Amino acid sequence: MSYLEHNVKTVPTGLSKLLRLNWALVLLLTAVACFGFLMLYSVAGGSMLPWAEPQMKRFALGMGMMLFIAMVPIWFWRNMAGLAYCASILLLLGVEFFGAVGMGAQRWIDLGFMRLQPSELSKITLVMMLAAYYDWLDIRKTSHPLWVAIPLLLIVLPTALVLTQPDLGTAILLVLGGGAVMFLAGVSWWYFAVVAGAGVGLVWAVLSSRGTDWQLIKDYQFRRIDTFLDPSTDPLGAGYHITQSKIALGSGGWTGRGFMQGTQTRLNFLPEKHTDFIFTTLAEELGFLGAISLLSLYALIILFCLASAISNKDRFGSLMTLGISVTFFLFFAVNMSMVMGLAPVVGVPLPLVSYGGSAMLVLLAAFGLVQSAHVHRPRGR
Amino acid sequence: MKRSPKDTEASVRKITRRSLVLAGAQTAVLAALGLRMRQMQVEQADEFRLLAEENRINMRLIAPARGLIFDRNGAPVAENTQNYRIVIVREDAGDVDEVIARLRQLIIIDPEELERALREMKRRSPFVPITLTDQRSWEDIATVAVNAPALPGITPDVGLTRSYPLAEDFSHIVGYVGPVSDYDLSRIEDNDPLLQIPKFQIGKTGVENKFERDLRGKAGNKRIEVNAAGRVMRELGRDAGTPGANLQLTVDAGLQNFVEARLTLEESAAAVVMDPRNGDLLAVGSAPTFDPNAFVRGISVADYAGLTDNLYRPLANKAVQGAYPPGSTFKMVVAMAALDYGLITPNDTAYCPGFTTLGDRRFHCWKRGGHGYVDLEKSLQQSCDVYYYDLAQKVGVDKIAETARRFGLGERFDIPMSAVTSGTMPDKAWKSERYGTEWLVGDSLNASIGQGFVLASPLQMAVMTARLASGNSIVPRLVKSVDGIEAEIEGATPMGFNENHLRLVRKGMYSVTNTRRGTGFNVRIDDDRMRLAGKSGTSQVRNITAAERARGVTQNADLPWERRDHALFVAYAPYENPTHAAAVVVEHGSAGSSVAGPVARDILLYAMHGKLPPLESYPASQRGKVGQMLNSMNLRQTTGAAARDRA
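Chains as they are written, first to last, in our numbering: chain A, 9 to 389; chain B, -2 to 644.
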């Protein structure tokens, strides 16, 4: 075991593990969640129900779960990675299967107290699986084509299943998150350069095919692209939401209109104001200062993960911490770009702030893994 | 998996290098996000704020048309009429005082109304349109429209408002609507955005209130495009919403009008007419009454004080809210209890010397000289109190109360009117809980003649009469259908009394009004197809004190109005095949058979004929006086006949 090789002596036991927790990270997560509670309270018109109170309960549950996961040694989780990955693939297949067999568009599994979306779970299990894979792989073989093909397959499998749901947002997060772990593990730059080049080429080909005989995508898909580039061309359809979102966000100004004073959200211009578009409410009511504070908190979370990963000699713990932090980064970066009109509208929630049980619990569980890697990291030489 | 220290070093170095590269990319994205925020929220903030104030695409709520209310024959009872009003938007007006001053040179605005609007305006956001004045004439609207350039922020507008074409007749049943108030908002848990519309009308009392959710409908909305000045450029889309459900009442507008007019001839009275076959309430009258349209328009303080200070309480719906001692009309229930428990036979007699002695107290019969030997039929016919004092001791209050409840006394009927009372049907447990004292035999004696603790509303007395007449446990029904869906008829099943017992009691009621010695012989109907069976009641409001007796006060006429006896009468007709049952209470009317009785007869005759009854239905000796009275009544001419033609 690579870990045991390092320092059996430094393995913490019992309560001393609690002291080794990355408490700064715990505080940062709580601070972000508090932003969420405030906004959910405000969006409900100054009421704990229907959103703020259930969200708080789930946060408390998630924090408990995080601490529990953190207390379990990291090597246990590494050994679980394959199992977890297979389980999440089975769950994805399960909802596909049941979704097809007359239960309607069911994308979740009912656990009684909450509904678990396997697609949320798969983001984390994929990262775990890839980290465990590179921990096992001889680092000299990392860029060998055969050993690059295997992780690609591991990424494509859940991505394909999620795409059929269809859930474009999650699919993008899976590809980018998985790619990031491959990059961190040391896969050669050339692979990434080729993929990026191919992507740019494809986009160019598609765009230039418009109106020609060999047009590659349908007209309505082109119109969607137009809408993203200039929302005002479709003020009542897809462009409507993004236009309203930008107006609300922009009208916040430096200090915002004040807590619970947002006119745009109040007047019901905005859709999904408690889930995907909650950042709009926050930016309108708390202004630039509020929005940049939240962004800073997110940046600090990423920074603490980075520091923890770099100081960790364990390859699995280090890669997983970074993979989770990148996934987390992608969550808020995609969501914020979307509501600010920098990216097309795909369904990605604002992590720990948007209302939603699955995403919150899965994220906190993931940070449990990060904590476990931190607590059990081999230190010194 | 073993790994050499050298490999570990290499791994750590690689991860560190690559993670710093990735961190660099992340920093770039974060910086882009931060800059975008700054650009939108700081540099372009004014631009976006302008867009937000004058949101290019605006959503406006469309209030749905409130559901209409009809009588049983389809005559409109509550409808929506066009209401021209003048609306101001504060932020468009600029100098509000100046604009309003200019407006007041053009049209006359009631200062009180204006002040209310200004207060409203201060509480609302600057972009919310506030109604300055409504119920305007078309001329006023035209004047404002022509002078629009001088009146920024002011627009003439047309909306729907509630109106009650039958005015006073249905005010107690249907109630009225009024602008939603802060008190309403705090009381009802409802986040319907419609309630946020200033002056949105919601049901305040009666059916309008109880069926608020059905009548209100669902809000629609329209998306409109506005320019930078806030002017509507075009409508982009519209969802009309769902209009409220229409209601049909069981009440007959023609009969209701007659009942209200007839009751108005007394000072303060209430009456309920129902169909004993299915429980349909055909008329629910309470006099004096008031004009609900005054409340919709916004009643003035002086007019409102006039209603609340009135000794005869016009705002109260005495038919369902008033609880009165039922007096002798309760005797049928006591007789049914005694028969049902097998404690008497119809031929058993009691001797009435004019009083009963209980301990050292005397309980008097209304007839001081006594009735002599009295059997069941005679006890009802002549309303002998002593016979019932006797029954009370035999049967006991608990069995009487048990039977009374089967007739609906003490029960709060679930009909959509405000403050429906349950009355009081006392028993031993009730008294010990309420007063902490034991039930006395004297209490039973008082209860047996419908005095003491017993209280019932005119509605309950009508139900009691209808159940006696039909033998079925019918339940009163006020709403016939909601949105075309017929409401179900409850309780058209037998109550479970022996039919012979019911027949005996009905025979007693028949004797009251159709035999020369009956207490209600004066209110007989002289038409074999429509014979009336009834029972009078006169209930004491308070005993005449010894001091007053010493002063020589022995008659009601000597007392002030509010201390005179209540006059009651319950009746049904036709005797053989009852189609109508009624209860009438004339507050402080002094005498049941001579005051309340004629009211009940007039109402039942009108109900059976479906129009003003011919004088031939009345006993020959009374026709002159009755004819004069009927002619003097101020009836609404059109409704009944017109509605029937339509149906």
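To be clear, the hints were calculated from the coordinates, so they are not data collected in a lab.
Note that the structure is a prediction, hence the values are computed from the model and not measured.
Idealized CB from N, CA, C, for every residue including glycine.
The reader is advised that the hints may include incorrect statements.
From the derived model, a few chain B residues whose C-beta atoms are all more than 10 angstroms from chain A [what the hints assert, rightly or not]:
| id | residue |
| --- | --- |
| 1 | 4 |
| 2 | 11 |
| 3 | 35 |
| 4 | 44 |
| 5 | 137 |
| 6 | 372 |
| 7 | 408 |
| 8 | 489 |
| 9 | 519 |
| 10 | 552 |
| 11 | 571 |
| 12 | 588 |
| 13 | 627 |
Not everything, but these chain A residues come out facing chain B in the computed CB check (under 10 angstroms) [said to hold, decoys possible]:
| id | residue |
| --- | --- |
| 14 | 73 |
| 15 | 188 |
| 16 | 260 |
| 17 | 262 |
| 18 | 291 |
| 19 | 292 |
| 20 | 304 |
| 21 | 320 |
| 22 | 341 |
| said: Flag every earlier hint the structure violates by its number, smallest first. | reply: 1, 2, 3, 4 and 14
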